[in-house]
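In case you want the letters, here they are:
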Amino acid sequence: MLEVSGITQIFGGVTALDSVSFAVHKGDITGVIGPNGAGKTTLFNIITGIYRQTAGTVTLEGNDITGLPPEKLARRAMVRTFQNIELFGGMTVHENVMVGMHTKSRSGLLACSLKMPWSISEERRIREGALQWLAFTGISDLADHAAGGLPFGKGRLLEIARALAVEPRIILMDEPAAGLNSQETLALSLLIKRIRDLGITVVLVEHDMELVMDICDRIVVLNLGRKLAEGTPREIQENPEVISAYLGDDD
Amino acid sequence: MQFDQILQYTLSGLSTGAIYALIGIGFSIIYNATGIINFAQGEFVMLGGLLTLSCLELLQLPLWAAIPCSVAVATVVGVLFERLAIRPLRQPTPINLVIITIGGSILIRGLAMLVWGKDTHAIPPFSGDDPIAIGGATILPQHLWILAITLIIIVVNKIYFYHTISGKAMRACSYNRRAAGLVGIDVKRMVLFSFIISSAMGAIAGIIVAPLTMTAYDVGVMLGLKGFCAAIIGGMSSGISTVVGGLILGVLESLGAGLISSGYKDAIAFIILLLLLFIRPQGLFGKADSERV
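Chains as they are written, first to last, in the working numbering: chain R, 1 to 251; chain V, 1 to 293.
It is possible that part of the hints are untrue.
[To be verified] Per label pair, the in silico range of CB-to-CB distance:
1. R:ARG226 to V:LYS188: 30 to 40 angstroms
2. R:GLY148 to V:VAL115: 45 to 55 angstroms
3. V:PHE270 to R:ARG75: 41 to 51 angstroms
4. R:GLY148 to V:LEU277: 23 to 33 angstroms
5. V:LYS158 to R:ASP141: 25 to 35 angstroms
6. V:PHE285 to R:THR8: 44 to 54 angstroms
Think of the hints as simulated: they come from the structure by calculation, not from any bench. Keep in mind that this is a model prediction, so the values were computed, not measured. Idealized CB from N, CA, C, for every residue including glycine.
Let the hints inform the model, and build the full structure from the sequences given.
What follows is the structure, encoded as structure tokens:
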């Protein structure tokens, strides 16, 4: 599904990522973990076209997507969410999700500017489609609230709903549980599993080990910019190198 | 002071104010989509008037055909401006962009001077110039045209931004460009589109005001600044607050010119502008730090 190979990123002499390669299988939930500074978010930013890497390639469904800007990736059914939620603050929750369905809009700018009736009826279709994603993420009751005034946990759900509205085949989440309380984290893990059950491949960077071990099918461990290990949650938990990276060496 | 006189000034102020509002909304739309204050906005107002003049006199088109023609040509100039001057910029910092728009405005004005000369030109009013009496005051049919066309444009704008998916995408860009790209919105296309809308609106404003005030290659400077002032009063909103801002400005200007001295007409706009920038830079109606559309 998604393959990164030989990703190297050097920021002014500091090697943030050193030849990282791994593959994400279709329909899996893949977790990318590692201590602070391991390069997880940098890796995400490279995959999603926000940074341009020093070397290496990213392949999505067999196509080279290295360095494509985010809007092109969205059209190739890959979306991401941010650690610090990025919403359209002054628009309603409902409108935020509608904008997510923008790429599915058939009538172009011209039709819209000429106020063609089908572009308004299409708006109605999208309005209804967006409601389904609000229901899926459980924030239907907030539809008419301003997105900027949402509590953090709800904002995260909205960001996920908006990403799903793009109808991705793969979604990358940057620390989805950051800032959530334990109850919200539990709800989130159920939501992520339901996203996988829709047939959407999930990749997440996460600090919450309990969440990662609970929901991930496969885990990639980064440490100091290198891939340390890769495997099922069980294999990772038993891997001595991973344990020492997290807990420090005994000697 | 007689009531009739005040009514007269207010009525004519409202129609000038409507023009300022249209120009101001043009400023706001580009500002919201790109963060740029497009100081070339006034030149599209000038182009609207002068292109209509050429369509009427040179091409002998009837008025109903001349107007869309000149709006179309002005819009093409807007597209070229975005393509050639804004988009290729390597480091689009606000100061670079502002200087580029000022440069663009000087260039467009200079070319207009070469094409149309330095003379002031008149465009015939849309439907005669028999005054209409309202109370003790009189207005011209052109005033009604201005108010009606402004109203239509504002309504169409509102429908576009709030009830079409493309309009919502454009608002989304103004709130969070990064997130907009993320959900597949082509931000560059939206920027281009904001220039299209703004230059078309500027041209329309220039056309409908030309029969009243005459037009020349340099009318864009003052009209542009007044429109900018309206947009600042409205807190750079592309909605109703900029319209109100334009109307307030138009009426104050007209009352000031009529009741104090016509020499202060332009000074009033800039005193308001300066006061607002000092005291309420977020606009008359805005909350501090509010998002704007």
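### Query
Which numbered hints turn out to be false for this structure?
none
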